[in-house]
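*Asks:* Each residue of the sequence shown is one higher than the one before, starting from 1 at the first, in the working numbering.
Incorrect hints may have been included.
25 Å max Cα-Cα, derived BS3-like pairs, lysine-lysine [to be verified]:
no., residue 1, residue 2
1, K66, K129
2, K66, K348
3, K63, K109
4, K129, K109
5, K109, K348
6, K291, K129
These are computed hints drawn from the structure, not numbers from a lab.
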Amino acid sequence: MTRLNNAAIVIEDGMIQSVGGFSAFVNLEDYDIIEMPGCYAIPGFLDSRLYGAAKFDCMHADKSEKINEMSTALATHGVTSFLPTTQSCPHEQLLSVVEALSYRVDDEKLPGAVPCGIHIEGPYLSEEKRGAHPAEYLQPIDIAKAKEIIAAGRGKIKLFTFAPELDLSLELIDLLVEHEIVPCMGHTMAGQASIMRAIDAGAIRCSHLYNGMGALEQRNVGLAAIAMTDDRIWVELIPDGVHFHWGMLELACRSIRKDRIIAVSNSTEAAGLADGDYHLGDRDITVRYGKATLEDGTIAGSTNFLAQNYRNLMEHSNLSHEEASAAFSLNPALSIGARNRGKIKPGKRADITILDDNNRVKMTIVEGRIVYQNENYLAVANT
Numbered sequence: 001m002t003r004l005n006n007a008a009i010v011i012e013d014g015m016i017q018s019v020g021g022f023s024a025f026v027n028l029e030d031y032d033i034i035e036m037p038g039c040y041a042i043p044g045f046l047d048s049r050l051y052g053a054a055k056f057d058c059m060h061a062d063k064s065e066k067i068n069e070m071s072t073a074l075a076t077h078g079v080t081s082f083l084p085t086t087q088s089c090p091h092e093q094l095l096s097v098v099e100a101l102s103y104r105v106d107d108e109k110l111p112g113a114v115p116c117g118i119h120i121e122g123p124y125l126s127e128e129k130r131g132a133h134p135a136e137y138l139q140p141i142d143i144a145k146a147k148e149i150i151a152a153g154r155g156k157i158k159l160f161t162f163a164p165e166l167d168l169s170l171e172l173i174d175l176l177v178e179h180e181i182v183p184c185m186g187h188t189m190a191g192q193a194s195i196m197r198a199i200d201a202g203a204i205r206c207s208h209l210y211n212g213m214g215a216l217e218q219r220n221v222g223l224a225a226i227a228m229t230d231d232r233i234w235v236e237l238i239p240d241g242v243h244f245h246w247g248m249l250e251l252a253c254r255s256i257r258k259d260r261i262i263a264v265s266n267s268t269e270a271a272g273l274a275d276g277d278y279h280l281g282d283r284d285i286t287v288r289y290g291k292a293t294l295e296d297g298t299i300a301g302s303t304n305f306l307a308q309n310y311r312n313l314m315e316h317s318n319l320s321h322e323e324a325s326a327a328f329s330l331n332p333a334l335s336i337g338a339r340n341r342g343k344i345k346p347g348k349r350a351d352i353t354i355l356d357d358n359n360r361v362k363m364t365i366v367e368g369r370i371v372y373q374n375e376n377y378l379a380v381a382n383t
């Protein structure tokens, strides 16, 4: 990404028409001009792993009024696109959820952030590293059922998280690649051999580094070590201050190739809400001091939005503004083949997040529409 000072972005019909120094533009009488002094623009945040927010849980995709509220809440925090993410559940329920979600992808009626695909997580996960996934819903890989899940998604599934040590994992990878779905390794205790076979077959993404996998060990190479050293892998990080120590964030950002880092929220329906009792799928979770857990203390998603994670990444890592921005926009977009997003460049979709010098979101633009403007910041409009 390239930084351009005193810049202007011309948007027309939801697309970026041109970008350049403000003084270079003339004959703009037919355009509405909005000036935002003291701010900077970056590509809109793309959250590729979230279970919900603002009291909406993605496993209840039929509740249209709640997904509207989540869409608005996400935009308030700079998110322009997202992948609603599923939880392990009975197969018939999963088919119903995936089909319902598929009809919301690229839904222009949503008031804020818009889904650009679906992320399937489970039920093909390691029981030992299942995290908040219910053990009773975990299943061995079943190719016939996987085909049904893909069919229910109607071409909208972009990511599929699974444990590569399970039988038939290579067959699953082949199936996913055939349908242009990115195989993502996660919730796994796989050893080096299984992981390398999966990568060679096309599993080129690692879910939430450090979480849902074996710890870094000097005598046992697992997914965490391989993800930080194999440049073929896109690597997710949850920089919320709960899922891992800030020192481990620094280690990851110094180890992983910068254009392979993907920041995610992992948010639940509790994101944006006060401490209390909530749900993750059909499981009860409790939020205390911003930390979401099951009854036994297991971490159960996050309560952060990407905007806070962006500030965290800027504060606790060695990444530059440009590198951090890419982790929240360009990298997740490229990782799922969404090449019309992730850059402020002519011909790209006009999804833009505007922040102030303190990295606070002041405006969010989705496909050329202003869907959020901070009430305490007065943009200068010349029409």
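*Asks:* Against this structure, judge whether each hint is valid.
*Replies:* Status of the hints after comparison with the structure:
{"no.": "1", "hint": "K66 x K129", "in the structure": "violated (30 Å)"}
{"no.": "2", "hint": "K66 x K348", "in the structure": "violated (29 Å)"}
{"no.": "3", "hint": "K63 x K109", "in the structure": "holds (15 Å)"}
{"no.": "4", "hint": "K129 x K109", "in the structure": "violated (38 Å)"}
{"no.": "5", "hint": "K109 x K348", "in the structure": "holds (20 Å)"}
{"no.": "6", "hint": "K291 x K129", "in the structure": "holds (19 Å)"}
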